[in-house]
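Asks: The opening position of the first sequence corresponds to residue 1 in UniProt numbering, with each subsequent residue numbered one higher.
Just so you know, the hints here were simulated from the structure itself, not pulled from any lab data. Just so you know, these numbers come straight off a predicted model, no measurement behind them.
Listed next, the in silico DSS-like pairs over lysine-lysine satisfying Cα-Cα at most 25 Å (straight line): (1) Lys4 x Lys154; (2) Lys4 x Lys208; (3) Lys208 x Lys191.
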Amino acid sequence: MDPKTIATCFAALRAAIPEPRTELHYASPFQLLVAVVLSAQSTDKAVNLCTARLFAAAPDAQGLWDLGEENIREHIRHLGLFNTKARNVHALAGIILHQYQGEVPRDRQALESLPGVGRKTANVVLNTVFAEPTIAVDTHIFRVANRTGIAPGKTPRAVEDRLMQVVPREFLLDAHHRLILHGRYTCTARKPRCNVCALHDCCIWPNKQLG
DNA sequence: ATCCCGAGGG
DNA sequence: CCCTCTGGAT
1 MDPKTIATCF AALRAAIPEP RTELHYASPF QLLVAVVLSA QSTDKAVNLC
51 TARLFAAAPD AQGLWDLGEE NIREHIRHLG LFNTKARNVH ALAGIILHQY
101 QGEVPRDRQA LESLPGVGRK TANVVLNTVF AEPTIAVDTH IFRVANRTGI
151 APGKTPRAVE DRLMQVVPRE FLLDAHHRLI LHGRYTCTAR KPRCNVCALH
201 DCCIWPNKQL G
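Please model the entire structure based on the sequences and the hints provided.
Replies: Written out as structure tokens, the structure reads:
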């Protein structure tokens with residue numbers, strides 16, 4: 001897709017999604033980090049239901065470390081992958097508490113060394129908390145980038161690298177959340193709402209559906 | 001490549 | 001029933 005068309009796409013996305021932001025509920029960088037770890041293969045809505053009680057019981061790294069893995073597991077039991085997540089969140093809280101003075105590090109390497117934190121989660125934290133121009137390629141962005149033709153790629157990393165090349169600078173900071181929200185509500189996995197899509201005229205997808 | 005793994009939607 | 005949901009570790 002040529003640069004002009006891509007710029008047209010993002011201008012259209014800006015009009016459709018004027019205030020891009022995460023739908024995860026959080027009151028601190030640490031809470032956002034935990035929420036994003038919990039969000040793997042789960043809906044934001046389900047995560048918010050869990051964290052409402054979890055953060056009330058343990059709002060910070062000290063609290064989650066003291067709460068313990070067993071209690072964390074009970075709070076997140078209705079999320080998928082809850083066992084792994086409980087173990088990771090507890091261990092992560094301990095590391096943040098003891099090695100980072102309870103603060104979330106603004107450093108990709110440090111973030112990715114945390115249990116349950118990979119490149120995607122690190123990119124979300126860097127973008128959402130520290131306002132760095134990163135793009136976390138999750139299931140939504142991977143689908144939207146490939147389907148629309150904005151940034152095709154066989155792996156999440158390939159799509160990320162391509163997005164970083166082709167997204168105009170003025171749209172880079174908010175591209176992550178705009179693409180996420182577009183994928184969640186319009187360019188959905190199963191039955192995309194092409195009839196109301198802001199990208200209808202610049203999207204290359206050959207199977208545009210009516211409703 | 002495989003495992004983890006609950007809940008909601010179509 | 002099958003698919004999807006802001007993946008990461010082995």
